[in-house]
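Given next are the chains, with one letter for each unit.
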Amino acid sequence: MHFTSVQYLVFFLVIYLVYWRLNARRQNILLVLASYFFYANWNWRMLGLIVLVTVADYFNGLRIRGSSSQAQKKFWLAASIAVNLGILGSFKYFNFFVESLAALAESTGFAVSFSTLNIILPIGISFYTFRSLSYTLDIYRGRLEPTGSLIDYAAFVSFFPHLAAGPITRAKEFLFQLEKKRLLNGADLQEGLRRFLHGFFKKAFIADTLGFYVVDKVFASPADYSSGALWLGMLAYTVQIYADFSGYSSMAIGSARMLALKLPENFAFPYLSKNVSEFWRRWHITMSGFFRDYVYITLGGNRKGRARTVINLAATTLVSGLWHGAGLTFVLWGAAHGAYITIYHLWRGQDAPRASGPFGLFMAWLLTQLAVSLAWILFRSPNMAVAWIYMKGLIAAPGVDTIEVPLLVHLAFAAFIADHFAGWLMERQSTAKVRIPAYLQAIGYAAMILFLYHARTEAANPFIYFQF
Amino acid sequence: MREAGSENENTPVWPHQLRLRRGAPLVFYTLVLLLLAEFIVAVVLPYIAPERLYLKLYLSKEARENAKRFVNDSAPFLSYDEIVGWRNRPNVSHKRWVIDGHGSRSTRAVATASARRDKVIFLGNSLVNGSSGVSNDETISAYIEDETTESSNFATMLYSLDQSYLAYKHRLHEYKANVVVVGLGVDPGAGLMNRYIPLRARQEHNMPFFKPRFELTGKALNLIPMPPKQAYEEIFNDDAVLSTLASSDAHYNEFKAYTRLGLTPILSSVYYIYNKAEHLASLINGDNRGLPLLKALMSAMVTEAETRGAHVIFVLLPDMKTTSPGRWRKFLPDHYGNTVKDLSGAGFNVLDARRTLRKSGIPSRGLFFDDGIHYTSAGNRVIAAELKTMIGKTGGKRQ
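Protein chains in written order, with the working numbering: chain E, 1 to 468; chain U, 1001 to 1399.
By construction, these hints were calculated from the structure, which means they are not laboratory data.
Hints may contain errors.
Stated by the list, open to error - In silico negatives: residues of chain E with every beta carbon more than 10 Å from chain U:
| # | residue |
| --- | --- |
| 1 | Tyr36 |
| 2 | Gln70 |
| 3 | Lys73 |
| 4 | Ala78 |
| 5 | Arg141 |
| 6 | Glu173 |
| 7 | Glu265 |
| 8 | Lys274 |
| 9 | Thr309 |
| 10 | Val310 |
| 11 | Ala314 |
| 12 | Ala335 |
| 13 | Gly399 |
| 14 | Ala418 |
| 15 | Asp419 |
| 16 | Gly423 |
What the hints assert, rightly or not - Covered by chain U, per the in silico footprint, the following chain E stretches (three or more residues, Cβ under 8 Å):
| # | segment |
| --- | --- |
| 17 | 182-190 |
| 18 | 298-305 |
| 19 | 446-452 |
Glycine included, each C-beta is placed from N, C-alpha and C at the ideal position.
In isolation and in its complexed conformation, chain U is listed as follows (with noise of 0.2 Å):
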């Protein structure tokens, strides 16, 4: 035992301090028992436990419930497709948010054909489609309406651009549009190399689906399709569902390394700073893992639309972080930017809609809701206007 503040103050006390044995002895021996837990979770259990015992505690029992619900089909807002991974649950509403019969979020009944003179469909996630804080009336798809151009607003939650393509291939081309928008998150690689979406985002609880995705096979796009429905189920019965995953989801790693760092305070509290590190490096260095396959998709979807005598115009979405940077963020590389630059001179149609955002001189908290990610009507009404007049000079005209 050691004085603090005696007149050998400046003398470390730690050496003292650290005979926990006989000073703390229930410290020392919880330690030591906490630390031999988080060897055998870490080291022996991996060899013991089969994979699928860890899924359970990986997902919480909600995200457990919510996928037995949509197997089920009684999911509340959306339903299987065995393409896709899932699509909008037509003729449904929550608050201010309604889908059609066509599993659109539209202003009117979509028809297959159309009177007016531009007809566009739009792709995407929920950015595009808009959250349940604006009505019908308030998202992008119907800022551009007006008596010249109607519009479809197919975007569907946490869609990726593989799934918005297919959905275009297989299905929605019916719906013969001249013009096909299909927005792109601030990070629009993210999912690309994803399969099942817990292993990407673990707190995803509402939406724990598997997805289709491609790979590139030198510079051919080749389609690994949705496994069969009963996956849902056989995932947490049989380790074979995980295997496959294992060698075609590239997110799988970081379940993995839930299973030997994540059961435990100590090494998960590591494994979080770990993460926490990285995900700075990847603000300073950027993360481009996604963006050939990024830009051999988005040339698939322009091809696709070009036989449907369609053309794409892609809008880049940013969140409010990136519209509006603070602190310390203003000093990291614009990835935003420099993805509009990479795209832009790859020849596809891009609109910045960062760019857009700022100059509406619109302060980002009238842009954006509370979440920082969706955008209020006013964020959706600046990046219709700018939308409209590409539509325009692109040469929107039916073909």
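Pulled out of the complex, with its shape left as it was, chain E reads as follows (with noise of 0.2 Å):
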């Protein structure tokens, strides 16, 4: 059941007017109910872990914040970790160490043979997990008091719109709105239904589009396209994944605030950036932060040094990487990141000439994003071999073949060009909003809907973030 489907709409659209119905502990009951049915739909049998996570943290938080010493408390923290990360190791990263271990030990000149298990990766599992990890690695840090409610408790670990594919919701941030009585008002309903609709947009046109008629092409087959396909595609999958996991978000959003509850941002118009590190401060706003928080600051920061700040940031985006899946294409993911950052900073800490003016700054800018695009290439081949085809065909593919562009591309392309021009404008203005009235507003929406209605592709992708 995904966010753009029928059944969604019908589900979502049932909750409503039963929540609204409700006294704010009923509220939750009813989201936790929804939330597991939501996430039965995809697979019943998986329903169990997020049970285990919920009732495991739950305790551990208690027990934490209970604790007498500080030994107790570790204790505890670990037992949680052991919990999360034991079930995130194992039925996502098992496989691949497994086999990475069985390359390492055969390219050294041993001989094995390691059995590998048929695991099935299950929705979301690294954001729930990272979701109940925050909860108590915060009250173990003291910034957080543990909730008295199971029942709450479970609704922010499963709350059905970010439990599948964020944001990476703290539960400091979440976990007192669940304690609060809700109120029922237009402007809610209004936000909501605003930020669902640019969600539904970016991800049933402009991330479908732009992947049915140039991305899958492309990275199906990199070596029988020209250069000029291969650019094409870079720049389409850039476009492509942006708008699925930020129309994600933006649904995820969107659904919550209908119900009176917020969802933290999780972008802020990425390909604005102008260096790598603003990207990371743009993209994926509440993973970066979780790895800031509980990885980067845990490793020291900036506090030891300049090297080792490079090094603790390369670290990061390493991890996160990893975080993104279990091969070796996103490890070389993280690894490009990481470079770059390590890159930039080192070219700060120089007292190298700072990009200025309109030319250095586009200059910086359209440096910056053709790192982040080549990188993405990584992202998307499904294997190194794939991936180091596509990028020797950037300058000299060996194919010919070209991709025929429909009208549908195109408008792709320029509804993206004015969702991120519109984020310029903002910035630029934020002091002088532009105030537009609401019927004008609702003409582009009416409009907007209706076109959705007609043009979106019939062959509609599952969210690429779904896999994480």
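Since each chain comes alone in its own frame, lean on the hints to assemble the complex.
Shown next, in the form of structure tokens:
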């Protein structure tokens, strides 16, 4: 049941209608039941993992808070980390590590034969384990009081809008909202619907159109295509992954908002960035924040000298790459960003000239986007061989095939540019908001709905970030 | 604004929520505009826009291109036939699916005369032809072959009985079979009142073709022949073709409903629900509209075969849901069983393939491919075994 499916719209409508008839406690019970139904609709057997994580961390949180000594606190935190990372490791990384170990052993001359397991990857496992882990970590650090309600905690972990693909909401940002009475008002409904529609448009039109007409074809056999087609494919994927993931986040935020619950923002026009460090402040913000607070700062952050800072940054991006997927391409994608950030910090540390003036800023922006787009090739390719063929092909392609670009693809690119242009305008004129009358905006939204109804590609793809 | 869960929590909050204009003006105006658009599209536009414009929206780009390819004789698997609509393109293959020079999916070259005792030709749709999931040697027709029996499989994708009958009458009788096996789908009347495939099955992008049909005048069968080939071009440029279909295709109303209800999200949702309800009603009550025409065509087929010295066996081919109805379907009336009884009672030689498949003891998953419609080699083998017995019993001797 994807956000863009009719089933979800019906499901949400039913939940919405019931939700606002209940008091706060019953609303939370409804959210738990609805979320479990939402997840079970994909695979009910995997629901047990969410329940396990929820119950374990609920009691771990209480025990960390109730511990009289630091050693006891550490013990219960370790238990929480073991449960979450144990589940994540078993279901997501077991085969990757076994295969990598076997490959390493073989490369050093040892013939080994390890068994891998036929393990299904539960949707959203990276998201809900991290979400739950943030709860015990924050209690351990004294930043959060544990909740006394298992229902509230279960609602936080499993809340269906952010269950499958984030944002990675922290307990301290969300739990208190579940403890309060929620107010039914038109502003939340309007903002929620607006965000949901924006996200729907990004996903169902921009991402799916580019994926179907360009990206899937080019990445299926890059050796057949000309350099021009490969550049187009790279740019199309750069836009597709943004529209897909930010679209999902927007729909999640919109769904929650209609229930008078606020989820954190996850994207802030990342392709406006003029350096890679800025890119990570704008892209998948909740994940970046999680790794910053719980990995980078734990490693020492910038408190231990410049060299250590750079190492910590590179290590954090490497872990971030691994979080995205159990594969060499994801690790190398993380490593590429680690290298970018290292180079950027070294450059800054040398008192090198900063980009200034329109031309300098434009060149900084262009270089950043080129670096980010090239790294996306690693992210999208099924394996390193394909990624290597693709990257070589950008300069000298063996193939000659071109891509037929229908009008819809041009419109998808145009819509993406309009999205980022609006973001650029908003950032420049944040204090002088242009007020467009509601009825004029409504013309745009009604047109958008009718356009989506007809232009939506039939070969809709599932959300890319579901696999993480 | 109201507080949910307050002391008056049992008081309905919806009247307040519905005050959209002040609380959520953007939602209010958007809804008003959408409703206005729905009204214009459903009520005003049909009086202004010609129907051929709707057809361009109704058919996918892929369907329009496939129709063009078909008319230009460059469709990969089918070629144009001015009597039947389309036929198997000779000498083509796809995966395990091979069509010989006669347009037959057979295990050997088809001869016009046979030294074997029985010569059987197979007519029908893709269920008889077999999907690309089975090889030519794993079809029903192949499994009945032995030293005394040879077969030729002329079944063609999406054929209904009227087309099988016309194909036999005009061309396939030349193969001098003494047994004609005609496969009928789970809903054997479907397609008999249809002349333009997209009107009945919009999603059928690969075969947006015209077909002939018969109509019953009293007890007499009258042929409404294929339109001329240029109808494929004219249908997008001239409303006359659609007007002809309006009076001769029983599924035209589905297209007409689309012109009013299919273009906007709210009305099409309503129409979708209506269609689902209608489908459910047909599962409960059955749809017998095509049955008189079906029986008349079956009689014509039998008569035609008898004049050629052959007899006909009709095989009623069930899908997986009919063979193994799950959950609530078990409680619905057995329309398949009723149809078998009805047709057998009318004196036709009918093989109840469902009973045969159930008797085999093989689970449905082993008998059907994932689409739940086409048979695996195991399914084909089971049906062929029963068919072979029936051919023996009904005296499949060469006359």
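Structure-based check of each hint:
{"no.": "1", "hint": "Tyr36", "in the structure": "holds (22 Å)"}
{"no.": "2", "hint": "Gln70", "in the structure": "holds (40 Å)"}
{"no.": "3", "hint": "Lys73", "in the structure": "holds (35 Å)"}
{"no.": "4", "hint": "Ala78", "in the structure": "holds (39 Å)"}
{"no.": "5", "hint": "Arg141", "in the structure": "holds (32 Å)"}
{"no.": "6", "hint": "Glu173", "in the structure": "holds (21 Å)"}
{"no.": "7", "hint": "Glu265", "in the structure": "holds (20 Å)"}
{"no.": "8", "hint": "Lys274", "in the structure": "holds (33 Å)"}
{"no.": "9", "hint": "Thr309", "in the structure": "holds (46 Å)"}
{"no.": "10", "hint": "Val310", "in the structure": "holds (47 Å)"}
{"no.": "11", "hint": "Ala314", "in the structure": "holds (45 Å)"}
{"no.": "12", "hint": "Ala335", "in the structure": "holds (41 Å)"}
{"no.": "13", "hint": "Gly399", "in the structure": "holds (25 Å)"}
{"no.": "14", "hint": "Ala418", "in the structure": "holds (19 Å)"}
{"no.": "15", "hint": "Asp419", "in the structure": "holds (18 Å)"}
{"no.": "16", "hint": "Gly423", "in the structure": "holds (20 Å)"}
{"no.": "17", "hint": "182-190", "in the structure": "holds (count 8)"}
{"no.": "18", "hint": "298-305", "in the structure": "violated (count 0)"}
{"no.": "19", "hint": "446-452", "in the structure": "holds (count 3)"}
Hint 18 from the list above is the single one not met by this structure.
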